[in-house]
Structure formats: structure tokens, C-alpha cells
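Using the hints, position chain L against chain F.
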Amino acid sequence: MEEKRHTSSHYEKELQEIKNGLIYLGALTEKAIHAAMKSLSERNSDVAHEVIQADDEIDGLDTELEEKCIQILALRQPTAIDLRFITTAIKITGHLERIGDMAANIAEKALLLIEEPQLKPYIDLPRMTDLVAGMIRDSLDSFIRKDLHMAQKVQQTEQVIDDLNEQIFRELLTFMMEDSKSIHRSLMIMQVSKNLERIADHAKGIADMVTYMVTGECVRHQTYPLDEKEPA
Amino acid sequence: MKRNLFLKILFSYLVIVCLSFFILDLLIKDEIKKVMTSKIESELLTYAELIDLNSAQKMSEQLKQIARISGSRVTLVDARGKVLADSEKDVATMEDHFSRPELQEARLRGKGKSIRFSQSIGVDMLYVAITMKSKSQITGYIRLARPLNDVQNAIEKIYQSIFLAMMIVVALALAIALVFSYRLAAPILSMERFTERLRQGDPVGSIFLETSDETKKLADNINYLVDELQSKIRLANEEKSKLMTAFTSMTEGVLILDAEDKIEFVNQALSNMLAEQYGDINGKTLMEAFRNVDLQKAFFKFRQTHAAVFEEVTLGSIEPVILSVSISSVHNYPGEEKVMMVFHDVTRLKKLEKIRVNFVANVTHEIRTPLTAIIGYLETIQAGATTSNEDVKKFIDISLKQAGRLNRLVEDLLVISKIELGEIKLHFEEVSIRDAFENSIPLVEAKAVIKKINIHNNVQDNLSYIWADRDRLTQILVNILDNAVKFTQEDGSVFIEAGQKDNHAVLTITDTGIGVPKEEVRRLGERFYRVDQSRSRDLGGTGLGLSIVKHLMIAHGGKIEIESQLGRGTRVSLYFPLKHINRE
Chain F
6 MEEKRHTSSH YEKELQEIKN GLIYLGALTE KAIHAAMKSL SERNSDVAHE VIQADDEIDG
66 LDTELEEKCI QILALRQPTA IDLRFITTAI KITGHLERIG DMAANIAEKA LLLIEEPQLK
126 PYIDLPRMTD LVAGMIRDSL DSFIRKDLHM AQKVQQTEQV IDDLNEQIFR ELLTFMMEDS
186 KSIHRSLMIM QVSKNLERIA DHAKGIADMV TYMVTGECVR HQTYPLDEKE PA
Chain L
2 MKRNLFLKIL FSYLVIVCLS FFILDLLIKD EIKKVMTSKI ESELLTYAEL IDLNSAQKMS
62 EQLKQIARIS GSRVTLVDAR GKVLADSEKD VATMEDHFSR PELQEARLRG KGKSIRFSQS
122 IGVDMLYVAI TMKSKSQITG YIRLARPLND VQNAIEKIYQ SIFLAMMIVV ALALAIALVF
182 SYRLAAPILS MERFTERLRQ GDPVGSIFLE TSDETKKLAD NINYLVDELQ SKIRLANEEK
242 SKLMTAFTSM TEGVLILDAE DKIEFVNQAL SNMLAEQYGD INGKTLMEAF RNVDLQKAFF
302 KFRQTHAAVF EEVTLGSIEP VILSVSISSV HNYPGEEKVM MVFHDVTRLK KLEKIRVNFV
362 ANVTHEIRTP LTAIIGYLET IQAGATTSNE DVKKFIDISL KQAGRLNRLV EDLLVISKIE
422 LGEIKLHFEE VSIRDAFENS IPLVEAKAVI KKINIHNNVQ DNLSYIWADR DRLTQILVNI
482 LDNAVKFTQE DGSVFIEAGQ KDNHAVLTIT DTGIGVPKEE VRRLGERFYR VDQSRSRDLG
542 GTGLGLSIVK HLMIAHGGKI EIESQLGRGT RVSLYFPLKH INRE
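Protein chains in written order, with this note's numbering: chain F, 6 to 237; chain L, 2 to 585.
Calculated from the structure, these hints are not laboratory results. Please note that the accuracy of each hint is not assured.
Unchecked claim - In silico negatives: residues of chain L with every beta carbon more than 12 Å from chain F:
1) 22
2) 110
3) 153
4) 185
5) 215
6) 262
7) 286
8) 291
9) 296
10) 297
11) 301
12) 312
13) 417
14) 569
To be verified - Pairs of lysine to aspartate or glutamate residues, derived as EDC-like cross-links and limited to a Cα-Cα distance of at most 20 Å, are as follows:
15) 24/F with 44/L
16) 285/L with 143/F
17) 43/F with 121/F
18) 519/L with 562/L
Where a beta carbon is used, it is the ideal one built from N, C-alpha and C, also for glycine.
Chain F with its partners taken away, still in its complex shape:
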């Protein structure tokens, strides 16, 4: 999308900084999720520790970005699309920060799971991870390009993640019913899956905010046709 330039090049630069900061934050969280899953599937505790440490950087960047946004609000008093951009950016940093926390959560669970023998080969979890990371990427892409179509794609993928989470839940349930010794590990894996599902929720939240930013229309808390098929 061709963007109009602001008369103040300094203002333009500030907005660009926020944009870059958000993508950077997004890339950090994406990397954290992948690394967390790697630590789990390759049983590598070093990687898990790295992810937990990297969360501090994500938190720091989140506050930094938010301050920048507030500064722009106070000094530039943006209007129309710029105002929506800034407010959306503030919300997105919040979402990304939570995603970072969840990646750290997964890494913590991975550290515990590494201690015990592997319950089952992980097949669905890495798939879910790839999908979730893709959602974050796409949601930020849609934000940068102000692309509604891409935002919709993210909103629809969320359903797939929910289904996968459900499937993992059922599978682990059978494990637990068969062998009570597997309950602890199963619960851990379930939490990993739940965390991934919540990350997907946050990615969808970002996509909703993008829809708001582009159209000015609030689509949060709405249900999608796909949702209705799901038995409550």
C-alpha cells in the first residue's frame, strides 16, 4: 500500500521507529516460540534457559515501545489513521509481551519434561508451533501493510489451533487413563499445548486490532462462522 508522507520527516521517522520496533519484538517472540519448542523436542535445556532469559529483553522492549507511543501521543497529538496506528501499536506490544511470557512458560515446562523420559514423540506440537509462529508473523505483516485480507487469514487460523489443542487434549487423556505414571508429564504437555493455543488467541487479538486500525470498526468479541460449528 502506498503510504502518504507526513510533512514532518521527524514525525515520519518516529512512526517508522515504532513500526520497526514492533516487527523486531514480533520476530523476537517468534524466535522464542520456535526455540521453546526446539528445547522441548530436542530435549535441550540450554535452549530452554536461553528462552527464559530472552523474555527479559522482550519485556524491556515492550515498555520501551509503549513509552515511545505515549510520547508521540503527547507531543504530536496524532489524528485519524495515525491515532489508530499508535493506539493499536500500544495494544500490540501488550499482546507480544504476553506471547513472550508464554514462550518462557513453555520453556519452563520443557525443562521439567526433559527431566523425565519422553512420553511420546511430539508431532502435533511442532506443527502447532509452526502455525502459531506463522500467525504472529502474518498478524504483524497485516499490521505493517495495513492488509485486511491477511488479518482475516490469521483470524481463521486460530480455529485450526483450537482444534489441534482439543486433539492433543483427547490424546493425552487416553495416555493418562492408561497409565497413571504418565499423568504428570501429560499435564505438562497439556499446558504447553494450552500456552500455544493462548498465543494463537493473542495473534488473533493483534489481527482484530489491525482490522480496527484499517477500517475503524471494532471486530473484537465477535464470533466467526467457523466458531459456530464447534460444540460449546
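Below, chain L without anything else, positioned relative to chain F:
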């Protein structure tokens, strides 16, 4: 341009003409008036003197005649101012003239004059009066008056001539201005056209002027500048094309960021490296384009240190490429700093490094396993833990078996390294496919019989020969057949067929064995790669068999193709080129 110049010149001429006329008017008009008036005055005075010489009283009758001769009005006034006679008016109607300025002046100085506007005839009149004296007693005044019409008329006449002259001058000025402006404008105009064409980028030669004044010098300067400019442009273009050639032909990827940190240039090599995974990245920032934390961190580091940064980053999510990147700044204009990133594709290097590390690890592992067993059993015997001859024999048997395996492993490794180093010389000859199989099958038959596996040799007699090293071919076939027998359950079958396809002889060995998972097929042929680690080692493999076959097939100019279905069996096809045999 021309019009303007013409108007300017014309205007300046007109100003000069008008100014000179005005000055003329200022200087001449009064002078002429003065000269003419004094001339008339002295003329009238002379007439008045003449009248005085004669008796005034007698003259009064001849006043009209005098007036006609002198061309003036003559009035006689007595000492008290009473009009005695007048050449034009009736005396009775005339008032007392004593207060008239000319009479007053004459009373005091003997003669007087005055210029007044006469109400009666409506023109300026010159009045001249002298006194009539007898015995130094003023007896009366003679006054002559003449209208100054003549002076006015004369001045007007002169003015008319001057105006006419002026008109001629103006007309001349017009003509001169036209010619002059044209002469002046022509070279300027042609220079203007020349520069205009230059501005529009038309190919221009140089400009020639026929004049020799300042414009000529200007034209020469323009010509010089054009030459200079063109050579500069040519130089710049050459530099640019040199640079572009360098950038496009180099194998390293190059990316240039402009002063706003946006991607300004990406060379072909980098686009190839990234294999279009990022779309069009021109005009985006690094973060927007690549979404890569490591690359961005390297860039931050560069921004902070302002020194060249070397980093290794993995780009691309679908097809990851490992790139070593060096970031440095480029100064082309003062104050404008650009950033250049040079990317080096190290994916292959990294892969090879990994393979090497894995290989060493694998070799060590493969050698250590039998060694541990041998050392363990020998130590047991040495410690005298068992005295039973049977046990000792058993231990020694196992040790020997393991030693044999070690030996095979070392031999296989030697073969592989020899093939890889190109030290193995193949002795090519014509080998009958049937012969090759008949030489190989007996070597695996014993095993097959034990497992009750049927080997169906369906090779026809009339098949052509292939060009191969007989011993190596046997080695290849034994390896494949051995695998087929090894990984097929009891009562299974192995089928051997041969045919031709696309200029190749194709030898196919199909088994009804356990097969290989689809995703693993690609990795068969890697050194020490085993689909099922524990199982194949139990069966006595070194993990190098297929790797050797692969290399030998490459040395023969052929290739190996493996298709497999888990639980159904495996089909191995060996392609040997036919070109050497067709000379028959």
C-alpha cells in the same frame, strides 16, 4: 526574448529623445522669447524716437500711417496722463494713462516698457514709452504697443520643426532598435535554443556563432561546458556500469541501505541466495524485509560501534540459508552515510562441517562398539573369571566376530575414502549383465537359503553388455542383494530384472522386505545412516554399504534409484549408461 530586448532598446532611445526635447524646450524657449522681445522693443523705441524728432502735435494726424508702417499701435499721452491721440481707438473713450507702468518708468528714466495681457484683443502686448521733452520739461509721452503674437508664432514654428525632427529621430530610433536588437538577440537566441536542447537531453554537438563580440566568448564557454559535462556523464556512466557489473557478477550478495535505513539496492546474487522467499524488499527497512532478529541485532551493533560487523545469520523460513554477513558503512557524500551489507552463503559449508563432525562421531562410535565388546570379553578371560573351556571358546568366538566386523568397517572406510579421493582405478570392460548376476548371487545364496528366501533371476540371455569394472560391479550387486536378503523376512522373495530405459541399462532388484519409511528414503546412502539403528547393526552391517554403492555408481557414470514402501518392500534400480556399448 527578442521582443523584450527590442522594447528595451527602443524605450531607452525614446527616453533619450524626449529628454533632449525637454532640455531643448527648457533652454531655448525663454532665450528665443527674450531675444525676439528685445528686438521688437528696440524697433519700437526707434520708431518712438523718430516720432519724437518731429513735432508730436503734427504727428497726431499721421498717427494711423505711422502705426501702419511701424506695425504697432501708437498712443500720444500728455504730461498728466491724458491720452491725446491713439492710432486705433477713439481718444474720448480712453481713460487716464498716467498709472500705466511703462509711462511711470519713462517719466523716471526717459523710456519704459511693459508686457501686459491686453483684455481688449486677448494677447500679450509689449508697451514701449518714451518722454517728449521741451527744455528738459516733460511735455508728454509717446507709447507704442505691439502684440507679441509674432514671438509666439515664431516659437511655435520652431517647435513644429523640432517636433518634426523628433519624429524623424524616433522613426530612426525604431529602425535602429529593430536592427540592433535583432543583431544582439540572434546569438543569444541561438545559444538559448542550444541550451534548451541540452536541457532536454538531445544529443547536441557544439554551437557556432558568426559574431566576434562577447557573445562569441560566451558561446565558446558554453561549448566547453557541454564537452566537459558530456565527458563527466560518460565517466559517471562508465563508473556506474563497472560497479553494476561488479555487483551483479560477484557471488557474494550485496545489499545497500540508504540514509534512512531503507533498502536501496539488492544484487542478483543475494536475490538468488534468498530464492525469492522475501518478495520485493526494495524500499523497506531491514526489519520489514527480513523479520530476522539476528540480522537486526548485527545491524544495531554496527550502529552502536560504527565499526564493521561480521555475523552469521539464518534467513528464510521455508528454505533456510545460513549467511555470513559483514556490515560496513559507505561514505559517498559528506553527511550522507549509507550502509553496505555483504552476504556470503555458508549453508553448504556449514552442512559439510556438520557432516564431517557427524562422520567423525559416527566412525568413533562404530569402532568403539566392537572394541568395547572385544576388550570386555578378553578382560574377562584374562581375569580368569571363567575357567570353563566352553565359555572361553564362546568369548573368543564373539571377540573374533567383533574383530571381523571392525575389519570390515575399516575396509569399507578405506574403500569409501579411496573412491572419494579418486584413487580407485576402474578397469572398464564389457560385462554381460547375466554373468554379473551369476557371479554375485552365489555369494548371498547361503544366507537366502537359511531364511528360505527365493531369489528369482529373471534376466534374459539376449541382453546387451554393460561397460563396467567387473569386480566393482559384483561388489555393487552383492551389496544390494545382501541388503535385500537381510531386510526380507523368512519365506520372502527377491526379484532380479534387467531392461533398458533412456539410453541406460537398468538392473532392478526388488524385495518383499520391510521397506523404508518414505521420508527416510532420501537419506539412504548417507554414511552410517541406518533406518533402524539397533536392528541393522544386529544384522552385521557397517552402515556404509549403500554409501559405497552410491559412490561406485557415480564412478561408473550411472546412478541409483530407490523406491520403497514401508512393510511392502524395496526396489533398487541401477542405471548404467549404454553409450560405450553401442559401438558394436
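Here is how each hint holds up against the structure:
| no. | hint | verdict |
| --- | --- | --- |
| 1 | 22 | holds (60 Å) |
| 2 | 110 | holds (91 Å) |
| 3 | 153 | holds (75 Å) |
| 4 | 185 | holds (47 Å) |
| 5 | 215 | holds (46 Å) |
| 6 | 262 | violated (8 Å) |
| 7 | 286 | violated (6 Å) |
| 8 | 291 | violated (9 Å) |
| 9 | 296 | violated (9 Å) |
| 10 | 297 | violated (6 Å) |
| 11 | 301 | violated (9 Å) |
| 12 | 312 | holds (15 Å) |
| 13 | 417 | holds (29 Å) |
| 14 | 569 | holds (23 Å) |
| 15 | 24/F with 44/L | violated (109 Å) |
| 16 | 285/L with 143/F | holds (17 Å) |
| 17 | 43/F with 121/F | holds (17 Å) |
| 18 | 519/L with 562/L | holds (13 Å) |
Going down the numbered hints, you'll see the structure goes against 6, 7, 8, 9, 10, 11 and 15, while the others check out.
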